[in-house]
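Student: Given chain W, put chain R in place with the hints provided.
Quick note, the sequences are listed as chains W and R, same order. Using the UniProt record's numbering, the first residue of the first sequence is number 1, and each one after it goes up by one. Using the UniProt record's numbering, the first residue of the second sequence is number 1, and each one after it goes up by one.
Misleading hints may appear alongside valid ones.
[Unchecked claim] Chain R regions said to be covered by chain W (calculated; three or more residues, Cβ under 8 Å):
| # | segment |
| --- | --- |
| 1 | 3-16 |
| 2 | 88-99 |
| 3 | 102-114 |
| 4 | 257-267 |
Treat the hints as calculated values from the structure; they're not laboratory data. Backbone N, C-alpha and C fix where the C-beta goes; we use that ideal spot for every residue, glycine too.
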Amino acid sequence: MYYNEMLDGGQVRAPYAMLSDWVETMPSEIRQMKQAEAEALFRRIGITFAVYGEGGDPDRLIPFDMMPRVFLQSEWRKLERGIKQRARALNAFLRDVYGRGEIVRAGRIPAQLVYQNEAYEKAVVGIVPPRGVFSHIVGIDIVRTGRDEFFVLEDNCRTPSGVSYMLENREIMMRMFPGLFRNNRIEPVDQYSELLRRTLASVAPAKCEGAPTIVILTPGHFNSAYYEHSFLANLMGVELVEGSDLFVDGGFVYMRTTQGPKRVDVIYRRIDDPFLDPLCFRKDSMLGVPGLMDVYRSGGVSIASAPGAGVADDKAVYTFVPEMIRFYLGEEPLLQNVQTWTLWKDDDYKYVMENLADLVVKEVHGSGGYGMLIGPKATKAEIEDFALRIKANPGNYIAQPTLALSTSPTFVEEGVAPRHVDLRPYCLCGDRVELVPGGLTRVALREGSLVVNSSQGGGVKDTWVLSE
Amino acid sequence: MLSRTAANLFWMGRHLERADTAARLLDVGARITLLPNTDEGYRNEWESLLRASGAQQPFAERYGDQINQENIESWLFFDGDNPSSVASCLERAREGGRIVRTALTSQVWDALNTAYQELRQMQRRRGKVDAAELTDFTMRHSSTVRGAINATQLRNDGWHFINLGYSLERADATSRLLDVKYYVLLPRVEFVGSGLDNYQWQVILRALSAHRAFHWAYGGEITAAKVADFLILNGESPRSLLTSLYEAVWNLDGLVRRYGEGVPANASERARQTLESLMARDIEAIFDEGLHEFLTWFIGEIGSISTAVHEDYFSGRM
Numbered sequence: 001m002y003y004n005e006m007l008d009g010g011q012v013r014a015p016y017a018m019l020s021d022w023v024e025t026m027p028s029e030i031r032q033m034k035q036a037e038a039e040a041l042f043r044r045i046g047i048t049f050a051v052y053g054e055g056g057d058p059d060r061l062i063p064f065d066m067m068p069r070v071f072l073q074s075e076w077r078k079l080e081r082g083i084k085q086r087a088r089a090l091n092a093f094l095r096d097v098y099g100r101g102e103i104v105r106a107g108r109i110p111a112q113l114v115y116q117n118e119a120y121e122k123a124v125v126g127i128v129p130p131r132g133v134f135s136h137i138v139g140i141d142i143v144r145t146g147r148d149e150f151f152v153l154e155d156n157c158r159t160p161s162g163v164s165y166m167l168e169n170r171e172i173m174m175r176m177f178p179g180l181f182r183n184n185r186i187e188p189v190d191q192y193s194e195l196l197r198r199t200l201a202s203v204a205p206a207k208c209e210g211a212p213t214i215v216i217l218t219p220g221h222f223n224s225a226y227y228e229h230s231f232l233a234n235l236m237g238v239e240l241v242e243g244s245d246l247f248v249d250g251g252f253v254y255m256r257t258t259q260g261p262k263r264v265d266v267i268y269r270r271i272d273d274p275f276l277d278p279l280c281f282r283k284d285s286m287l288g289v290p291g292l293m294d295v296y297r298s299g300g301v302s303i304a305s306a307p308g309a310g311v312a313d314d315k316a317v318y319t320f321v322p323e324m325i326r327f328y329l330g331e332e333p334l335l336q337n338v339q340t341w342t343l344w345k346d347d348d349y350k351y352v353m354e355n356l357a358d359l360v361v362k363e364v365h366g367s368g369g370y371g372m373l374i375g376p377k378a379t380k381a382e383i384e385d386f387a388l389r390i391k392a393n394p395g396n397y398i399a400q401p402t403l404a405l406s407t408s409p410t411f412v413e414e415g416v417a418p419r420h421v422d423l424r425p426y427c428l429c430g431d432r433v434e435l436v437p438g439g440l441t442r443v444a445l446r447e448g449s450l451v452v453n454s455s456q457g458g459g460v461k462d463t464w465v466l467s468e
Numbered sequence: 001m002l003s004r005t006a007a008n009l010f011w012m013g014r015h016l017e018r019a020d021t022a023a024r025l026l027d028v029g030a031r032i033t034l035l036p037n038t039d040e041g042y043r044n045e046w047e048s049l050l051r052a053s054g055a056q057q058p059f060a061e062r063y064g065d066q067i068n069q070e071n072i073e074s075w076l077f078f079d080g081d082n083p084s085s086v087a088s089c090l091e092r093a094r095e096g097g098r099i100v101r102t103a104l105t106s107q108v109w110d111a112l113n114t115a116y117q118e119l120r121q122m123q124r125r126r127g128k129v130d131a132a133e134l135t136d137f138t139m140r141h142s143s144t145v146r147g148a149i150n151a152t153q154l155r156n157d158g159w160h161f162i163n164l165g166y167s168l169e170r171a172d173a174t175s176r177l178l179d180v181k182y183y184v185l186l187p188r189v190e191f192v193g194s195g196l197d198n199y200q201w202q203v204i205l206r207a208l209s210a211h212r213a214f215h216w217a218y219g220g221e222i223t224a225a226k227v228a229d230f231l232i233l234n235g236e237s238p239r240s241l242l243t244s245l246y247e248a249v250w251n252l253d254g255l256v257r258r259y260g261e262g263v264p265a266n267a268s269e270r271a272r273q274t275l276e277s278l279m280a281r282d283i284e285a286i287f288d289e290g291l292h293e294f295l296t297w298f299i300g301e302i303g304s305i306s307t308a309v310h311e312d313y314f315s316g317r318m
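Bound-form chain W, shown alone (with noise of 0.2 Å):
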């Protein structure tokens, strides 16, 4: 069963209320006209994730659900506490573990499970960066199964996309239905922007003196979150710019612009870390700065996220994460995590290769939805064939229960109909910890799915928190 976000118990839940009203006398063809606006919105403006290389329209739209998901202010103050408290205990972790690694040393979590991973990276071991901040955007992935049973799905440390969609998605509701905003009392999202930009000179380099020129590196055009990488540079007012627009001399880092050299102290890259700087990590690197990595050491420029941050959220570690909450904050978790058997360990192993028909099975290292086996939903041969797999490398494999993701209801062919949906939120972390009322909600739009990435069929919701 199901936890329906609109229905309780037959009856509609307060938070719904207008909107249920609102459905039910919108037309259907006014609808479909809105629909046809919203898309039309989204292309003019650009807001696409563009895929090359596959022919066809290299720029596609995510589909949009006009149909909000809402959250009151009393669910929302318990998610907000919980995901501070989460991103705080992070990167308490990250600084530990390139620094003197007490919690391996405490045994509260397996050494080789730290320093073997990929993501650890040697080159910034008793680096601490300013602030002593890592992860300077959290992304953390949130399900909900019953009115007050909230689970963290993962952890994204590095540099967590889909911020753009929270913000476009409400500006074009707004402009679409400014009654629904007149009549209701929601919480803004739009000051997103100003405290990025305000967390990220909060972490400006000890060098640097006045106030710190920032910018975003992107790998370029051709990746797929390129509309979102200049939609940021916009709102914040930065230059987006590319490896080769940066170079390093004399223990800086500076940018070319048409009156010469410009100096940066603050970079949000949005590349991963092996392409950060070829002299570092991957020499074949045509993205990065070379000797970037340099400057960063002796602190003439601030990364974020800092190099190494991805060792704090792979599917393995997050395990972990509660006992880093206790560890290092002395607090029992607010949030909880989904249960989850990690297949190194023989017990697990054991009930996870009986049980493969009502788990879900994922790579250490996935994302996007893919390498992944849903029990319930798979055939017989698709688990005996990801049998082998996992036999292959258990230690690359973890497993959970098919959860019962709650359900939003949402526009469909034949009117509405709820749908599964998650919950992205973002929280930023610089001299202060902070976080705006919402974040982006992803909906499986086909029936019955559980699969919510845009990759496999899933679609966007704008999210409401409606204050007191």
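Tutor: Below, chain R without anything else, positioned relative to chain W:
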């Protein structure tokens, strides 16, 4: 402003102007086929068009000696192999615009993007669209983009880079078109001053969308000296070398004023020298010097100014 952003704006301007040139050539070509045929067919005129776009060689590589309307249309409008085709130029202008989205107003982006989306639809109907429609399409969209730039862009350094691209490209295109006259016609001395000679000067006027403007400005018979004067030294003619270069100088001066002394101004200086040198000539002097020799000098100057723009602003000097 990032050097790369400035370079993209500059090249966006150049590509938009180049698309316009390709479309005007296509228009002329289509017009020629409406006139009574000659013994040799239209071959000579078609070839002069290819020369005008500097494309005889690559065209031959692709189509051999099949110089006919269908192939020329395809070459000038659709072909991705031709870096100066309307489609290539619009795609690159739009891609450049996408890269520097933050430096463009939404109206400019909208106009560029709409042109691109409609171009994709045209490409699907390739072979079923007539030349007039292709020309109209290009003229309409290039005017819309140009209008959006004029009406909405901030008058900042980005504005100067876009317009610098437009004006240098235009100066280059006009001089190359004029040079065609030398290559195709002048060697055949017996034609000079003949009806055919004058007709071909008309073709050049038409290629620059200037045949009506010419009559307003000069009246009377079309002579080589008048046409050349109109296209080289007339400050009212929108595509003349003088007007184009003057606009380039104006935009470079704007950059120099904005950026002050810390930034080298070699491009501006070079452009000003060229402008003075151009203004010191009259059309008789140019004909005495030799039209081809003059144009070779001028095209070289435009190239040097372009290089200096690159060094002054796009290299992110150390």
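Student: Where does the structure disagree with the numbered hints, that is, which hint numbers, in rising order?
Tutor: none
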